[in-house]
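Engineer: Residue numbers (the working numbering), protein chains in the order written: chain A, 141 to 288; chain B, 1139 to 1190.
Possibly wrong hints are sitting among the right ones.
To be verified - In silico DSSO-like links for lysine-lysine, alpha-carbon gap of 27 Å or less:
| hint | chain 1 | residue 1 | chain 2 | residue 2 |
| --- | --- | --- | --- | --- |
| 1 | B | Lys1173 | A | Lys256 |
| 2 | B | Lys1148 | A | Lys284 |
| 3 | A | Lys274 | B | Lys1153 |
| 4 | B | Lys1153 | A | Lys192 |
| 5 | A | Lys192 | A | Lys250 |
| 6 | A | Lys266 | B | Lys1173 |
| 7 | B | Lys1153 | A | Lys286 |
| 8 | A | Lys165 | B | Lys1185 |
| 9 | B | Lys1153 | A | Lys210 |
| 10 | B | Lys1148 | A | Lys256 |
| 11 | B | Lys1173 | A | Lys273 |
| 12 | A | Lys238 | A | Lys266 |
| 13 | B | Lys1156 | A | Lys200 |
| 14 | B | Lys1156 | A | Lys210 |
| 15 | A | Lys266 | B | Lys1185 |
| 16 | A | Lys284 | B | Lys1185 |
| 17 | A | Lys238 | A | Lys210 |
| 18 | B | Lys1185 | A | Lys200 |
| 19 | A | Lys287 | B | Lys1153 |
| 20 | A | Lys266 | B | Lys1148 |
| 21 | A | Lys266 | B | Lys1156 |
| 22 | A | Lys250 | B | Lys1185 |
| 23 | B | Lys1156 | A | Lys274 |
| 24 | B | Lys1173 | A | Lys190 |
| 25 | B | Lys1148 | A | Lys287 |
| 26 | B | Lys1156 | A | Lys250 |
| 27 | B | Lys1173 | A | Lys165 |
| 28 | A | Lys273 | B | Lys1153 |
| 29 | B | Lys1185 | A | Lys192 |
| 30 | A | Lys256 | B | Lys1156 |
| 31 | B | Lys1185 | A | Lys190 |
| 32 | A | Lys238 | A | Lys256 |
Claimed, not checked - Calculated from the model, a selection of chain A residues having no Cβ within reach of chain B, i.e. all distances over 12 Å:
| hint | residue |
| --- | --- |
| 33 | Ser161 |
| 34 | Leu171 |
| 35 | Thr218 |
Because the hints were derived from the structure by calculation, they are not lab data. Glycine included, C-beta positions come from ideal geometry on N, C-alpha and C.
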Amino acid sequence: MILPRYPLTTGLELQTFEFISEGTKGRIPKLVLFTQTNLRDFYILSFGDKDKFTGDIDDKVISNNGDSEKVLATVIATIYAFTDKYQDAYIYATGSTKARTRLYRMGISKYLSEGKRDFEIYGELKDGWDDFKKGIDYNGFLVKRKKS
Amino acid sequence: MKIKELNKRKVPIVKIDKSLDRYNGLVLSPDKLEKANEVLRTIGLPKQWTNK
């Protein structure tokens, strides 16, 4: 099932994606970044609002634009696009706050059966990685595209 | 391929804007990077992957 999502723009390297959220508070530009770490193929996913004037990103703001489902579907689409190019990438995601980490968890839970067809999905516990299950309060998440 | 078919793809069709490459490698949140490094140092990658 493909949910409605926003059109995406990306750079040549497919590491930065931009889309416009359209909702009750107007048009809000959003950025999704896949930042490489010093471990080969290990990337951090960051997501936030783009300042219309400076281009800076705020990953702590809560927009409440009334389109969270479409935004989530769009972020998931960026993971598909990114891992289409970087097929061996590990993507680590954690929220900038506990509340946001919880939102990520709820988002993953919602699309878990669909997501597990294409990705290996792990939840971060204090002492290791757990095959992602619903209802567990993970600290972060790690995904890797399955080989087709 | 028609637009409807394109919209059904899991991998989206994306428009290219070279100016977005300026964000590549940007560490948006140093805390998050530090946390990721700490995770890698303490628990590493899932055993299922390291044993492959």
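Engineer: Against this structure, judge whether each hint is valid.
Structural biologist: Checked hints:
1. A C-alpha spacing of about 25 Å is found between Lys1173(B) and Lys256(A), which places the hinted pair at or below 27 Å, so the restraint holds.
2. For the proposed pair Lys1148(B) and Lys284(A), the alpha carbon gap of about 16 Å is at most 27 Å, so the pair holds.
3. Restraint check: the Cα-Cα separation between Lys274(A) and Lys1153(B) comes to about 34 Å, which exceeds 27 Å; the hinted pair is violated.
4. Distance hint between Lys1153(B) and Lys192(A) is fulfilled; the C-alpha atoms sit about 19 Å from each other, no more than 27 Å.
5. For the hint pairing Lys192(A) with Lys250(A), the CA-to-CA distance comes to about 31 Å; that exceeds 27 Å, so the pair is violated.
6. Among the hinted pairs, Lys266(A) with Lys1173(B) is consistent with the structure: their alpha-carbon atoms are about 12 Å apart, no more than 27 Å.
7. Using a Cα cut-off of 27 Å, the hinted pair Lys1153(B) and Lys286(A) holds, with the two alpha carbons roughly 25 Å apart.
8. Our distance criterion of 27 Å between C-alpha atoms is broken by Lys165(A) and Lys1185(B), whose separation comes to about 44 Å.
9. This hinted pair checks out: Lys1153(B) and Lys210(A) have alpha carbons roughly 18 Å apart, not beyond 27 Å.
10. Straight-line distance between C-alpha atoms of Lys1148(B) and Lys256(A) comes to about 13 Å, which keeps the hinted pair within the 27 Å bound.
11. Only pairs whose Cα atoms come within 27 Å are accepted, and Lys1173(B) paired with Lys273(A) is accepted, the gap being roughly 22 Å.
12. At roughly 15 Å between alpha-carbon atoms, Lys238(A) and Lys266(A) fall within 27 Å of each other, so this suggested pair holds.
13. Between Lys1156(B) and Lys200(A) the alpha-carbon distance is near 26 Å, which keeps this suggested pair within the 27 Å criterion.
14. Under the criterion of a C-alpha separation no larger than 27 Å, the hint pairing Lys1156(B) with Lys210(A) is consistent with the structure, at around 25 Å.
15. For the hint linking Lys266(A) to Lys1185(B), the alpha-carbon distance of about 15 Å falls within 27 Å, and the restraint holds.
16. Between Lys284(A) and Lys1185(B) the CA atoms are separated by roughly 13 Å; this keeps the pair inside 27 Å, and the hint holds.
17. Proposed proximity of Lys238(A) and Lys210(A) is supported: the alpha carbons are some 22 Å apart, at most 27 Å.
18. With a CA separation close to 32 Å, the supplied pair Lys1185(B) and Lys200(A) exceeds the 27 Å bound.
19. Among the hinted pairs, Lys287(A) with Lys1153(B) is consistent with the structure: their alpha-carbon atoms are about 25 Å apart, no more than 27 Å.
20. Proposed proximity of Lys266(A) and Lys1148(B) is contradicted: the alpha carbons are some 33 Å apart, above 27 Å.
21. Distance check on the hinted pair: Lys266(A) and Lys1156(B) sit about 40 Å apart at the alpha-carbon level, beyond 27 Å; violated.
22. Between the alpha carbons of Lys250(A) and Lys1185(B) the distance comes to roughly 26 Å, so the proposed pair stays at or under 27 Å and holds.
23. For a cut-off of 27 Å, the pair hint linking Lys1156(B) to Lys274(A) is broken: about 39 Å separates their Cα positions.
24. This hinted pair checks out: Lys1173(B) and Lys190(A) have alpha carbons roughly 23 Å apart, not beyond 27 Å.
25. With a C-alpha separation of about 15 Å, the suggested pairing of Lys1148(B) with Lys287(A) holds against the 27 Å cut-off.
26. For the proposed pair Lys1156(B) and Lys250(A), the alpha carbon gap of about 33 Å is over 27 Å, so the pair is violated.
27. Between Lys1173(B) and Lys165(A), the direct Cα distance comes to roughly 33 Å. Violation of the 27 Å bound is thereby established for this hinted pair.
28. Proposed proximity of Lys273(A) and Lys1153(B) is contradicted: the alpha carbons are some 35 Å apart, above 27 Å.
29. In summary, the hint linking Lys1185(B) to Lys192(A) is not supported, as the alpha carbons are separated by about 43 Å, beyond the 27 Å threshold.
30. Among the hinted pairs, Lys256(A) with Lys1156(B) is inconsistent with the structure: their alpha-carbon atoms are about 32 Å apart, more than 27 Å.
31. For a cut-off of 27 Å, the pair hint linking Lys1185(B) to Lys190(A) is broken: about 37 Å separates their Cα positions.
32. For the given pair, Lys238(A) sits about 24 Å from Lys256(A) by alpha-carbon distance, which is consistent with the 27 Å threshold.
33. No beta-carbon of chain B is positioned within 12 Å of the beta-carbon of Ser161(A); the least distance is around 16 Å.
34. The claim that Leu171(A) is not at the interface with chain B is violated, since a C-beta of that chain comes within 12 Å of its own (minimum 7 Å).
35. For Thr218(A), the requirement that its beta carbon stay farther than 12 Å from each beta carbon of chain B is not met, with the minimum near 8 Å.
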